[in-house]
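Asks: Using the sequences and the hints, build the whole thing.
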Amino acid sequence: MRLTVAQLAQRLGAELAAKPDEIDRQISDVGPVEVAGEKDVTFIADARHIDKLEKSRAGAVIVAERIEGLAKPQLVVKNVSAALIEALNVFAPQLKRPVAGIDPTAKMGQDVKIAEGVSIGPGVVIDDGVRIGLNSVIGSGCKIGENSRVGENCRLDSNVVVYHNCKIGSNVVIQANSTVGSTGFGYCFIDGAHRLIPHNGGVVIEDFVEIGANCSIDRAKFGETRIGAGTKIDNLVQIAHNVVIGKGCLIAALVGISGSCKLGDGVVLGGQVGLADNVKIGDGTMIGAQAGVMSDVGAGQQLIWTPAIERKEALRVIGSVMRLPKLAKQLKQLNNRVKRLEAAKDDKE
Amino acid sequence: MRLTVAQLAQRLGAELAAKPDEIDRQISDVGPVEVAGEKDVTFIADARHIDKLEKSRAGAVIVAERIEGLAKPQLVVKNVSAALIEALNVFAPQLKRPVAGIDPTAKMGQDVKIAEGVSIGPGVVIDDGVRIGLNSVIGSGCKIGENSRVGENCRLDSNVVVYHNCKIGSNVVIQANSTVGSTGFGYCFIDGAHRLIPHNGGVVIEDFVEIGANCSIDRAKFGETRIGAGTKIDNLVQIAHNVVIGKGCLIAALVGISGSCKLGDGVVLGGQVGLADNVKIGDGTMIGAQAGVMSDVGAGQQLIWTPAIERKEALRVIGSVMRLPKLAKQLKQLNNRVKRLEAAKDDKE
Amino acid sequence: MRLTVAQLAQRLGAELAAKPDEIDRQISDVGPVEVAGEKDVTFIADARHIDKLEKSRAGAVIVAERIEGLAKPQLVVKNVSAALIEALNVFAPQLKRPVAGIDPTAKMGQDVKIAEGVSIGPGVVIDDGVRIGLNSVIGSGCKIGENSRVGENCRLDSNVVVYHNCKIGSNVVIQANSTVGSTGFGYCFIDGAHRLIPHNGGVVIEDFVEIGANCSIDRAKFGETRIGAGTKIDNLVQIAHNVVIGKGCLIAALVGISGSCKLGDGVVLGGQVGLADNVKIGDGTMIGAQAGVMSDVGAGQQLIWTPAIERKEALRVIGSVMRLPKLAKQLKQLNNRVKRLEAAKDDKE
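Which chain is which? The protein sequence lines are A, B and C, in order. Throughout the first sequence, residue numbering follows our numbering, covering 1 to 349 in sequence. Throughout the second sequence, residue numbering follows our numbering, covering 1 to 349 in sequence. Throughout the third sequence, residue numbering follows our numbering, covering 1 to 349 in sequence.
Among the hints, a few may not be true.
When chains are identical, the list treats them as one kind, so a pair holds in a single copy or across two.
[Claimed, not checked] Listed below are the simulated DSSO-like cross-link pairs for lysine-lysine, each with C-alpha atoms no more than 27 Å apart in a straight line:
| no. | residue 1 | residue 2 |
| --- | --- | --- |
| 1 | K167 | K348 |
| 2 | K326 | K312 |
| 3 | K332 | K113 |
| 4 | K262 | K55 |
| 5 | K107 | K96 |
| 6 | K262 | K280 |
| 7 | K167 | K39 |
| 8 | K332 | K312 |
| 9 | K167 | K280 |
| 10 | K329 | K339 |
| 11 | K55 | K19 |
| 12 | K280 | K52 |
| 13 | K113 | K96 |
| 14 | K55 | K280 |
Think of the hints as simulated: they come from the structure by calculation, not from any bench.
Replies: This is the structure in structure tokens:
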């Protein structure tokens with residue numbers, strides 16, 4: 001794909017600030033300001049980067065406000081992020097659309113309903129009673145268990161496994177090698193052995209959820225494990241049985257959410273965060289990377305560290321910890337000074 | 001499945017304490033006390049929850065001791081957990097049994113022995129010399145490498161990969177997308193490059209082991225990596241080469257066990273725990289979530305934190321750490337007071 | 001495979017120090033000094049283990065320097081590690097070589113170029129425009145996306161998924177269930193929802209890289225995610241979009257490397273290490289297990305802990321932390337002593 005600066009501006013709904021000889025310049029890709037070349041459009045999402053623009057070889061720039069005196073065509077937009085997403089879509093590599101239809105090597109169960117436009121890849125196994133909605137794409141090697149449902153416009157990439165009785169909404173993406181609906185880690189110790197608690201519940205994944213590669217989302221013992229609409233999950237994330245995650249959350253890679261945790265809406269968990277069993281986290285709370293959360297957290301908080309505490313307090317504590325060897329030395333010196341004072345006092349008495 | 005209260009009591013071997021008009025009440029599911037409805041049986045595994053029973057809409061309750069004055073049929077059992085498991089099995093969703101036989105799309109090697117009742121799913125690859133015992137179920141897309149053995153009544157879910165020369169016992173479950181027998185992370189730095197140490201050993205998984213989804217269990221350099229009978233492993237767990245795990249252990253999600261670690265029987269590792277190379281952990285020891293264990297630990301210990309120390313000591317240390325900014329302030333004030341005392345002393349001298 | 005001690009010495013290019021009646025002794029395996037039997041050759045990679053040799057039942061030993069008075073044939077070599085690797089290769093289990101050719105159940109796209117000697121396993125899906133070099137082996141159930149390239153002598157084990165536009169060099173190993181080229185975790189919050197930033201870039205994996213099982217390596221937003229030549233990656237590792245890793249690095253299991261991090265050459269990351277976004281790590285730096293790195297680190301450093309600090313300093317800080325409850329007690333006692341001094345002073349005044 002190649003567009004002139006003028007065509008791109010139109011495509012992005014941008015106001016174009018350019019010299020006449022610049023508007024026909026060809027643009028064929030998007031690049032960050034440091035590496036963009038003459039055929040790339042770049043962007044300034046953060047005013048701190050404006051000074052890098054002068055040196056940038058980019059052929060054009062997407063900005064939120066016109067920069068006076070810049071020797072480069074500017075595409076002025078209301079929302080740079082939205083325009084960037086649009087530009088990236090314009091110049092995305094052209095990939096072959098998955099062909100609608102069921103690959104002859106797929107194995108289809110009984111009483112299966114597949115809507116129009118659905119693509120079922122090679123080697124897929126669809127068990128009895130499955131429903132798949134309009135235009136969804138099921139990648140090669142996927143397995144969808146009995147009575148599970150997949151909504152419209154979903155994309156399950158290769159080798160995703162969805163167990164039985166799971167409900168996946170519409171516009172959901174699940175990347176390769178992820179597992180949905182595995183039996184959770186719930187055992188009772190009876191007569192000297194760990195006996196599995198049957199997991200009769202399922203998993204509900206609401207609309208517009210996106211799940212990365214190599215994730216595991218366990219089914220519920222009773223009821224359901226639920227991922228709220230618009231929540232995005234990175235790679236290698238563990239979500240245990242009966243977890244309920246609200247809407248619009250962000251869960252970074254290698255996070256472990258233990259059984260029956262409840263997250264509000266808009267919660268953000270950094271990479272490698274761990275939540276203990278049954279922890280509740282309020283709306284909009286952010287937990288920093290690697291933190292371990294052992295008890296409930298209210299809404300709108302920012303926590304870091306293990307055990308996780310309020311961010312500012314944690315920074316104070318961590319600062320003190322780092323100075324601790326010095327502090328211990330001071331204490332020792334003070335002890336000696338007090339000894340001398342005591343000795344002086346004893347001498348007088 | 002639907003049973004009357006009387007039928008359910010009989011099925012669970014429970015003593016029934018109910019009014020005559022209650023014994024024919026229909027029960028069709030199991031639910032926790034807060035959410036159970038009229039057609040659910042609930043359970044009281046912990047006496048603290050008894051007061052919630054009054055308000056519960058549950059149609060019946062499984063209890064360890066009869067509760068006087070409760071307006072609800074009671075199924076009195078010796079072991080509530082065991083009865084709960086039985087009840088969950090009674091009301092489990094009815095799934096189609098995997099069909100015995102080899103799917104025509106499976107690829108079978110030479111000198112393979114498959115016992116009666118075994119189900120080999122679509123797209124499975126079984127290499128030369130593999131043995132699979134009675135009634136085991138190999139899910140779609142699995143691969144079982146040369147000379148590996150799977151015992152009786154095992155369940156390997158879709159897309160599990162077992163490399164060559166691995167021995168899996170009987171009644172073993174391995175959930176989707178897990179890997180058994182991958183080559184471990186062992187390199188020697190020779191002539192400026194990391195050279196892989198060949199992993200000639202295998203993996204032994206004993207009877208009644210259950211392994212979650214998306215786990216990796218590496219084969220041994222020499223001898224074997226071994227998971228002891230009845231040990232249960234959650235999702236996304238890493239078990240390195242030559243690790244030996246005892247019987248009846250519980251390993252939670254995202255745990256990393258480094259090379260040649262040795263765990264006794266009944267060891268419990270919380271989520272995201274990490275063990276350094278060659279660490280030995282004694283029988284029955286529990287390591288709390290996210291802890292990092294750098295050296296050997298005896299039997300019957302409870303450790304938390306990184307570096308992992310005895311739980312009570314760790315709580316004391318963590319408590320002190322949290323008060324550290326206050327402590328630092330006190331030290332500063334004390335220093336000033338000592339200064340004043342020193343000044344007063346100097347004045348007099 | 002069975003060799004006499006003399007044949008093995010020749011094979012390893014070792015100088016043989018043995019009695020005449022020892023040189024025809026049969027050796028059929030390799031074992032560590034504690035467990036090696038009569039038919040095993042053992043090795044002494046570390047002089048501290050020499051005293052274990054006397055008691056070892058091993059049939060022969062690989063050593064760097066001849067040990068006087070040892071009643072065992074010795075294979076004296078320049079580099080014990082290199083000889084150990086060679087010996088392990090000699091006695092490796094004999095596995096069937098994958099058959100060259102394309103399995104009839106594989107699904108091949110258009111304009112695909114497969115070199116000689118390549119083996120494409122059952123159920124593999126190769127999309128349009130893919131190139132695969134000489135003698136590479138693509139395991140069952142793999143998927144290779146549009147326009148991706150795999151070099152010569154590569155091994156992709158079962159169920160590996162490589163997305164479109166990824167470039168894999170030669171002599172690369174990717175173990176089972178790993179994912180390369182998944183879309184990264186990059187969102188903009190626009191009009192109340194997280195909107196995915198399209199990932200137009202790819203992944204470049206250079207020669208001699210080895211990647212463990214169940215890993216996820218994300219494609220780039222712009223440009224590429226790159227793993228440098230000879231870098232080795234353990235299981236369950238997360239590498240985010242636009243990460244650049246140098247040559248000859250070692251990345252242990254369950255590590256999470258956040259977006260746009262840059263690692264130099266020869267960097268070593270211990271298990272469960274986490275790097276925050278955009279962190280740069282200099283050549284040869286080692287980060288200890290479970291550490292959390294929040295800011296750039298120079299070359300040749302050794303860091304541990306969260307937040308990661310220089311190793312020696314960290315050990316000092318951790319030591320102080322462990323003594324903190326004692327320290328707090330000392331402070332309290334000191335406070336009382338100062339009080340007494342103050343009271344005495346007040347009495348006099």
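Asks: Now tell me, hint by hint, if it's right for this structure.
Replies: Taking the hints in turn, this is what the structure says about them:
In this assembly of identical chains, K167 and K348 lie within 27 Å of each other by CA distance neither inside one copy nor across copies; the values are 85 Å within and 83 Å between. Taking the shortest alpha-carbon separations for K326 and K312, both the intra-copy value of 22 Å and the inter-copy value of 14 Å come in at or below 27 Å. In the homo-oligomer, the alpha carbons of K332 and K113 never lie at most 27 Å apart, since the shortest distance is 77 Å inside one protomer and 74 Å across protomers. Taking identical chains as interchangeable, the C-alpha atoms of K262 and K55 lie at most 27 Å apart only when they sit on different chains, with a minimum of 23 Å there against 49 Å within one chain.
Both within a single protomer and between protomers do K107 and K96 lie at most 27 Å apart by alpha-carbon distance, with minima of 24 Å and 15 Å respectively. Taking the shortest alpha-carbon separations for K262 and K280, only the intra-copy value of 5 Å comes in at or below 27 Å, while the best inter-copy value is 35 Å. Taking CA atoms no more than 27 Å apart as the test, K167 paired with K39 passes between copies only; the shortest distance there is 23 Å, against 45 Å inside one copy. When the C-alpha separation of K332 and K312 is checked against a cutoff of 27 Å, the pair qualifies only between copies, where the shortest distance is 21 Å, while the shortest distance within a copy is 29 Å.
Taking identical chains as interchangeable, the C-alpha atoms of K167 and K280 lie at most 27 Å apart only when both belong to the same chain, with a minimum of 24 Å there against 42 Å between chains. Taking the shortest Cα distances, K329 and K339 sit within 27 Å of each other both inside one copy (15 Å) and across copies (17 Å). Proximity of K55 and K19 under a CA criterion of 27 Å is satisfied intra-copy only: 19 Å inside one chain copy versus 75 Å between copies. Taking CA atoms no more than 27 Å apart as the test, K280 paired with K52 passes between copies only; the shortest distance there is 20 Å, against 44 Å inside one copy.
Proximity of K113 to K96 under the C-alpha cut-off of 27 Å is found in both arrangements, the shortest distances being 25 Å within a copy and 18 Å between copies. Within a single copy, K55 and K280 get their C-alpha atoms only as close as 49 Å, which misses the 27 Å cut-off; across copies the closest is 23 Å, which meets it.
The structure shown violates the earlier hints numbered 1 and 3.
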